[in-house]
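Colleague: Here is what each chain is made of, one letter per residue.
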Amino acid sequence: MTQPPRTRSQRRWLMTVAAAAAVLLILEVGMRAAETRADPPSTWPSSEMAAKYAQLGDLVANNKEPDVIFVGSSAVFEGVDPAAYSAASGGDITAYNAALGAASMVSIERWTIDIVLNLVQPETVVIGTISRDINDNGIGQMAFFERLIASPDYAAAAGGNASNPADSITEWLNDHSALVRMRPHLRRPVTFARDIARGGALPPATLGAHGAEPESEYEFEYVVDEDWRSFWTERQLYNYSVGGRESAALRRLVDELVDRNIQVVLVSMPVTDDYLELLPDAVADQAEFEELLAELASRPGIIYVDGRSIATSNELFRDPAHLNPVGARRLAEALAKATRG
Amino acid sequence: MVFNSLEYAVFLPLVLAVYWQLPFRWQNRFMLVASYVFYGAWDVRFLTLLMISTGVDYVVGRRLGTETDERRRKRLLAVSLIVNLGILGFFKYFGFFVDSLAALLHSIGFDVDPVVLSIVLPVGISFYTFQSISYSFDVYRKRIEPTQSLVNFALYVAWFPQLVAGPIERARKLLPQIEMPRSRPTSDIVRSALFLILLGLFKKVAIADVVAPFVNETFATAATAGTIQLVLGAYAFGLQIYGDFSGYSDIARGSSRLFGIELMRNFEQPYLSRNITAFWRTWHISLSNWLHDYLYVPLGGNRGTSFETYRNLIVTMLLGGLWHGAAWTFVIWGGLHGIYLALHRRFGGYAPRGYQGRLTAKDVGPMLITLAAVTFAWIFFRANTLGDAIDYVRGLVSLRPGVPSLDQLAILAAAGLVVFLIDVAQRNSQKHSFVMDWPPVARGLAYGFLILGVLVFSGGDTVPFIYFQF
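Residue numbers (my numbering), protein chains in the order written: chain A, 1 to 341; chain B, 342 to 811.
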């Protein structure tokens, strides 16, 4: 049976559809070629987070699950040396620094519960914090959290399967289309073009052993200048206020760890007087912050460590809120003593 | 249920499939149920308010149709206004006035605790109450005959494609379409409707949602961000709200067209306007017309002295600002536009209505000046508080250093260019579905580009339309 001839309108419509399909096909082929030069991008909020997730996964795969996990922001990432902690504990305790630069407590809570504890089952979790981590108005802190919860990599690592048809469709498209896989690259066109020209994306963040600050980043000299002050007053401590969502996240994190029978150690991370001067009311604000930690630590079984009493000299800092490697070793040793008797 | 969701992608074809199988007398009943399902998907409780508004104006309309005594007719109109504006006022403005009163008393030494009452704003309330009020007004003014059918009137108020964010349709345009049998749309109409839906999705997903993170970051850091970023942030918000709202209107019009109902155009390339009067004739046209007909004209319009005309313009725009939300930022935004309009009327002369003509080189200067004035006012519209807006304006004049990243600049430039090209194409062709006259291959390339934009920039969480909050 012969098909009736197509009308002019049908032919025009077919040409339209073919042209539209050609646009998508050309881009799909282009992205498949680009994939050989630049891997599909990570969607973790920071390359450090991606690297730590991978490193923790390797430790688990090699049966080297850490006994002790440190969590917090950059104050902990740079301020606690896991190797020194292990050595001070007699060498049979393994420790991992899972702290994240730029994170605040709401991100630390989700990262610890959804990702870290999803991978490993430590005996002890050390939560180190400074008042910046629980400032409800810090600029950048909430944006980091929003990037975290919107990250497909986070959702996958947290064990979230496609919970609705839209997610299933996205997963299917992700598996079958380079254009879909490379979407995050296309949303950063200049960086993508540079990656292609360079022959690949910049390498992910490198880490020292067990999540520690990489040696290449070591800073020993104490520096506090006007740039540093303005960065902290205008962003990290902006419109400083505690008692809202960030403090609530800290409470929930402690509750969750206690519920899981994990030993909780709360550490008021060391800071210098130059840091306290940036708070609206140095004495009262720091006292309020320490009261919050003390109140949480008053519950049975929780250990509280006042880091400020351990690192008292500016020589142990690289800036007012971050210890240098010497300070990081000193604090790690003190923590080992406090937690292991 | 939002247009840019999988739920809507399933809902629309399902409703369409059933709708066109039904005889006419069942179509409106079915669409009323579908519209209530669409609206109830947010919160079933909100349906009660929608039904109250519908019921009151239906009864008022019918009584107005038979009542001849002028005093009683006025009383009936007052019932409609009191109920509709009462609902709107309670849900939208109660907190604002209580907080403002508490602040005022505090400033003169009396500390009172404002009544703590958490009131959820029902989605779309500002739109459907205005639409319902316009019906009572038009019946009162004898411009239309009241409808005898409760189902038809309820569908006029609740027509789902435009229920939650407009266009605010007039009864004299939408009701007859609802009351008359509709023929199946031709293939050309279906194609133009699908193009409008695709274009609207593109504007929402690939323009508005793409610039939104830059806008959010800039407004969140207004106190510290560099001046260049602040300038770009304000323009980016103009781009975001235009993509968001005109995108919504395009999807609404396209969806409605598939059911054989034509909705009014809500935007006519406003950023290509040569002056502020032309801007307000092309931006959120349904609200501008509403404010003109039911506020500006009753206030006296331009029938009095020059001073009275300027006063009426400013009062109308102040109330237009307040319509958007209970905040001083909206009041200032409306006030600024009122002043702009008064200044243009005083010094700029007359702006003819209707088609503004093809864009020419001599339009560029006035267009950029108008755009700058509109963009400045957007700062107040977007800022969370008046203090934030003041910080933003201070930052603009502080000449603080700092520039956005190259990726951000590239995205902003691309989004601005695409919107400009779409608007020029629409202006020059005088068609929103401007590709319909293009050769098939060019049309296909345009479709491919739009689908590509939606594909590349979708995939995150569904971002609600900005105007849902109003």
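Calculated from the structure, these hints are not laboratory results.
These numbers were taken from a predicted model, which means no experiment stands behind them.
Errors might be hidden in some of the hints.
What the hints assert, rightly or not - Listed next, the stretches of chain A that the computed footprint assigns to chain B, with coverage defined by at least 3 CB atoms under 8 Å from CB atoms of chain B:
# : region
1 : 21-30
2 : 171-183
3 : 252-259
Unchecked claim - Computed beta-carbon distance windows for the label pairs:
# : chain 1 : residue 1 : chain 2 : residue 2 : range
4 : B       : Leu355    : A       : Asp255    : 53 to 61 Å
5 : A       : Glu277    : B       : Ile710    : 44 to 52 Å
6 : A       : Phe231    : B       : Ser448    : 29 to 37 Å
7 : B       : Ile710    : A       : Ala158    : 47 to 55 Å
8 : B       : Ser346    : A       : Ser47     : 41 to 49 Å
9 : A       : Glu221    : B       : Ala350    : 54 to 62 Å
Said to hold, decoys possible - Over 10 Å on every C-beta distance to chain A, these chain B residues come out as not near it, computed from the model:
#  : residue
10 : Asn643
11 : Phe688
12 : Leu762
The C-beta atom is built at its ideal place from N, Cα and C for all residues, glycine as well.
Colleague: Would you mind marking each hint as holding or not holding in the structure?
Modeller: So, going through the hints one by one against the coordinates:
no.	hint	in the structure
1	21-30	holds (count 5)
2	171-183	holds (count 3)
3	252-259	violated (count 0)
4	B:Leu355 with A:Asp255: 53 to 61 Å	45 Å, violated
5	A:Glu277 with B:Ile710: 44 to 52 Å	47 Å, holds
6	A:Phe231 with B:Ser448: 29 to 37 Å	35 Å, holds
7	B:Ile710 with A:Ala158: 47 to 55 Å	51 Å, holds
8	B:Ser346 with A:Ser47: 41 to 49 Å	32 Å, violated
9	A:Glu221 with B:Ala350: 54 to 62 Å	58 Å, holds
10	Asn643	46 Å, holds
11	Phe688	41 Å, holds
12	Leu762	16 Å, holds
Checked against the numbered hints given earlier, this structure breaks hints 3, 4 and 8; the rest are met.
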